[in-house]
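Q: Given chain A's structure and the hints, the job is docking chains B and C onto it.
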Amino acid sequence: MNWFLNSMLAYWVVLLLFSLGAAAVIYFIWLKDSLI
Amino acid sequence: MFEFAIAGISAPIFLLVLTGMTVGMVGGFIGVGGGYMVTPALIVFGFPGYMASGIDVMHIAGKSVVATIRHRQLGNIDWILGLTMVGGTMMGVEMGVRLLNYTKALGLSGIALLTGSVGIMIGLFLYTQIETHKAQKKINELTKAGKTVGRELSVSTLPLFFQSIALRPIVRCHTARIVISMWVIVIIGIATGVLAGFFGVGGGFIRVPALVYIAGATTHIAVGTDLLEIVVSGGYGALRQYMSGNVDMIAVWFMIIGAMFGAQFGSIATSFVRGPAIRYILSYSLVLATTGAFLRLFYMLTGQQYQFLNFFAIVFTLGEMIFLCLFIMTLVIFSVRHRHGKWVPGWIPSLVATP
Amino acid sequence: MAEASKTRGAIKFIVWAVIGVALSGYLWVEYFNGTLVSWYYYKTASDGWAINAHTFANASKDKPAILEIGNFKKIEGLQAVPVKKGDRLPTNTNGIIDKKTVQEGKRVTLEGNTLKVTVPTQIKEAKGFKFRDTFMHKGIETNPWGGAWSVAFILALGFSLGLMAEGFTDMCGLKLEKIKHYEGVH
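Protein chains in written order, with the working numbering: chain A, 725 to 760; chain B, -11 to 343; chain C, 11 to 196.
Isolated chain A (complex conformation) (with noise of 0.2 Å):
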């Protein structure tokens, strides 16, 4: 636990999932029925 909090690998990992998992929410509440 000690090394995942000290870790900037860890945090890069779990900071990009959640931004993408925000990217998924923004896609379909604003952008899915408007795609080509």
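It should be emphasised that the hints constitute simulated quantities derived from the structure, not laboratory data. Being a predicted model, the structure only gives us computed values, none of them experimental. Glycine residues also receive a C-beta, built at the ideal position from the N, C-alpha and C atoms. Among the hints, a few may not be true.
[Said to hold, decoys possible] What the simulated footprint calls covered on chain C by chain B, stretch by stretch (three residues with Cβ under 8 Å from a Cβ of chain B suffice, anywhere in the stretch; the number is not a length): (1) 13 to 24; (2) 69 to 80; (3) 108 to 120.
[What the hints assert, rightly or not] No more than 30 Å apart at the CA atoms, straight line, and that leaves these computed lysine-lysine pairs for DSS-like: (4) C/K22 / C/K71; (5) B/K135 / C/K185; (6) C/K126 / C/K95; (7) C/K190 / B/K135; (8) C/K109 / B/K92; (9) C/K71 / C/K134; (10) B/K125 / C/K190; (11) C/K95 / C/K148; (12) C/K134 / C/K109; (13) A/K756 / C/K140; (14) C/K84 / B/K122; (15) B/K330 / B/K126; (16) B/K92 / C/K53; (17) B/K92 / C/K95; (18) C/K71 / A/K756; (19) C/K190 / B/K132; (20) B/K125 / C/K188; (21) C/K190 / B/K330; (22) B/K92 / C/K83; (23) C/K140 / C/K116; (24) C/K148 / C/K84; (25) C/K116 / C/K83; (26) B/K122 / C/K188; (27) B/K92 / C/K140; (28) C/K83 / C/K109; (29) C/K116 / C/K95; (30) C/K188 / B/K126; (31) C/K126 / B/K92; (32) A/K756 / C/K73; (33) B/K135 / C/K94; (34) B/K330 / C/K188; (35) B/K92 / C/K110; (36) B/K92 / C/K134; (37) A/K756 / C/K134; (38) C/K148 / A/K756; (39) C/K73 / C/K148; (40) C/K134 / C/K94.
A: Below, chains B and C alone, put in the same frame as chain A:
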């Protein structure tokens, strides 16, 4: 949704403002325009491809003024360095675009261009990432040895070589504390401009590393000075885009409203961190943009058959902007916590500035 | 002393906020009164027919749109105005169907005194994403003064918003000093 009379489409205002805000934050922090993130996003929102480019460039011109004013206050601009480079940059972009048109007439394919631009981005990413990692390690070692480490530390020895070139006239950049041949600065401008014009990639993420690793400026000064550069080159680019019929000013306005907040936060955030933190975010933006480009390329090369690839490409294009913003906010939050003696992850102290 | 700088900050914030709001208001007024649109759809860049692409957006091979050709000063509905390069655009124009497209005959054909549109939209690709490419924006030339105005406007807006923000941080007492780039080991 808003009906844009000039662009001729309806697009969600919230997403335009959000895009302006996120890219403003990233641009204010790492000194880029952010076009490589914004243009694909605008196409996803429904704008025609040519208008996406034009709206982006016009908004970059305005956003860069906002960020430059803040960076001026923070002492991050070397006017001599910036103004010496401007002429070279604009000449370089013009040369790059003409070279592109010439090679296209000879039959150069889009795939070759994409490969070239991806090659540059990966090369820059690797060099910046490796150098910054070594710099971070050295900061940790020096701190353990009881030394006070300043705002910037770079382990690259390239600047020493370029600063030793004695071609007159020699310029003295007072803020950046560089004494260097004017021709080196002009050639940096021309070379980065040619790469930008030819490969259609932004100038910022090539110029900032060039200012750090070739001219020897600190990262903060490279960021501020590059944003000054972008005001001039962006303004000129915006005029050309408008003349080509690629700009919807109302869409630009919505993005500027977002950038108003984002660029402020990004610029001010530089005062909370050391140089290597900025270089890390720059390298992340390079690798994420390259991955996004690969996903889009893969979708196109598979004949646009697989909708899940399109979904991933869109989610990645939007997600990379959100990621970079959240990372910048993380650095600021942890910097404040560190100043107050609270717990922060082990990788933070070397990246944040202590007053 | 701190209070004096906060007051100066507040004045700076208010002045530049008013200027920023005024500039934005000016933009919106010019938008709603049609000035921005008229600067954009200004002249023809090629020989062809001036049209309004919205009027035949739903045309198809089964249900083609028939555009009546005539020298209309304002395009209303399914109409097309013959133009030569450099002509000013009639009101309500948002694109040009050029002669080359009509000669190719894949999307638009000339039939007597009408243009028959069968393919109003093409799907094109840029930066790896698809977008709808219509006859909008094709063959038009913008007003160069519109370009100069737009760039000057955006730089002025950026300037006012930047100084407004500086005033705001001063007003809030947020001390932002020049970064000391060269202290300590570097």
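Q: I'd like to know which numbered hints this structure contradicts. Please list them from smallest to largest.
A: 1, 2, 3, 4, 14, 22, 31, 33
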